[in-house]
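Novice: Respectively, the protein sequence lines represent chains A and B.
Counting in the working numbering, the first sequence runs from 349 upward without gaps.
Counting in the working numbering, the second sequence runs from 349 upward without gaps.
Don't read these hints as lab results, they were simulated from the structure.
Treat the hints with caution; some may be incorrect.
For identical chains, the list gives no copy identity; a pair is met inside one copy or between any two copies.
[Said to hold, decoys possible] Think about it this way: if two alpha-carbon atoms lie no more than 20 Å apart in a straight line, the pair counts; the simulated EDC-like pairs of lysine to aspartate or glutamate are:
#	residue 1	residue 2
1	K508	D573
2	K583	E595
3	K597	E539
4	K583	D475
5	K597	D475
6	K352	D376
7	K351	E514
8	K428	D405
9	K511	E378
10	K563	D552
11	K428	D406
12	K619	E595
13	K351	E409
Protein chains: 2
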Amino acid sequence: MNKKIRIAIIGYGNIGRCAAEAVHMAEDMELVGLVDPIASLNSSPEAAGIPLMATIDDLPEAQVALLCTPSRVMPDYARKLLAQGINTVDCYDIHHDLADLRLELAEIAQTHKTVAIVSAGWDPGTDSIIRCLFQFMAPHGLTYTNFGPGMSMGHSVAVKSIKGVENALSMTIPLGAGVHRRMVYVQLTPEAEFAYVERVIKKDPYFREDDTYVKQVADVNQLIDMGHGVHMIRKGVSGSTHNQIMEFKMSINNPALTAQIMVASARASMKQQPGAYTLIQIPVIDFLHGDLDDIIRQYV
Amino acid sequence: MNKKIRIAIIGYGNIGRCAAEAVHMAEDMELVGLVDPIASLNSSPEAAGIPLMATIDDLPEAQVALLCTPSRVMPDYARKLLAQGINTVDCYDIHHDLADLRLELAEIAQTHKTVAIVSAGWDPGTDSIIRCLFQFMAPHGLTYTNFGPGMSMGHSVAVKSIKGVENALSMTIPLGAGVHRRMVYVQLTPEAEFAYVERVIKKDPYFREDDTYVKQVADVNQLIDMGHGVHMIRKGVSGSTHNQIMEFKMSINNPALTAQIMVASARASMKQQPGAYTLIQIPVIDFLHGDLDDIIRQYV
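The following block holds chain A by itself, in its conformation from the complex:
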């Protein structure tokens, strides 16, 4: 009953650091390892007491691994860790690929009796839970998800991986009714050609659906603010009653919220049958620590 859940963190960037803080704050968890090829360069107070491992093969004690890597390198870590008997939680943010990724990880997880929680951030993630709520509360109608204004971590990382880009910031600007503009600020290496970088960005699946502006700046770090937000609104019909209006809004530090949701999902992973799950497939009570009846008395 008093045994703590043993957590490992893979990747020690913005989300990984916040995840370490959130695990420290969770009374039912302990951090047993950290894997990051460049973590020694980024050493921070939170990392002080955490055993730093060279590879994921050195995590025999961990029960759940939080995959705080860029989305595009994440699946490989998930495949290996699930097969090693370790549950995984990721914040994979590529909407059109996550359903297939879940199916693939579900098979590995079932074979190795582990649990993968896929896309455990805020969108995809907790916003997805709210979209489902809105849908069954008013089955006919429209839901709009308006992001920002704020820095998209997934989009910024995608740009940073382009050859010639030294640093990048992708801002999401809401234009209303679920339409967005992307404002991308890039800091280039001396030999890079701006026109080439701009073309690659605009063709990337992360950007090609949206109106995207790319601007070259001297120092991206001067522009960084990790705040973000969302405004979801549905106007719909319950039964035959129209004009049912529901809204969800938040203003948050993006990596801190993402990491906190991942930590709660690590807890939820311990309560699921082997398989792979998106957040909408898990009862919300499973993300909370404590006695079931106490939680019902407090929150229902």
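Using the hints provided, position chain B relative to the given structure of chain A.
Specialist: Below, chain B alone, put in the same frame as chain A:
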């Protein structure tokens, strides 16, 4: 796969009528019976084609019963129907009793291999899901649930059951930070004494926690508007990052939304193991009709 879920409705007041409409709109359900001692007096177009039963013993075909009765008479119906092999969905709204009621119904449901969904309205209900979300997204901080302004059906029905009250309307007025005033409008029978009615209302568990004003009026029906709303707000801490702000707001027709949530819960009841559940114990995907992977692709 194409078999429709067979639904019965118990009680044909405001929520019962809306429930009939919501079942008619749901492609995966059919209404097989209606039980109401006074339904013949209230006949409406929606009730036209529905077999009207005298008692719940006449519902052999139903798989799920929607209990659209006042909260205080609901548990007796649930006990009997669960023992008859019929799942139940209720919108029991007495917050401090629902956890114990769930435990009692869970035992009956497990014995008879049925499912009870308890407190499947919007608060308790979908608001409870959002309170849990807010809690695990920012584990330290305060959540305020501000209701109204709007008509509370549960409170109005509780007042109507007092001797001497011919008709009643209880309005919930938000005062901020989760504090409310109750404005109760009563229409009395000729022999009733206002001071007595006022005293009974103020001592009732539905009212005794709140600042309650009781006013006598000639005709309550002139005041009725079924609109209601809620504004939930949490300011809290994710990991060690403060000032994470999240809000949920809605403006809705109260019986229509309550009935729609009950209908979605009837669907969810078909996917649970025997037992009794509040909404926070059920994955949100279970409330939606359709293929699991399609839903993930569409809403996550």
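Novice: Taking the earlier hints as the rules, which of them does this structure contradict?
Specialist: 3, 7, 9 and 12
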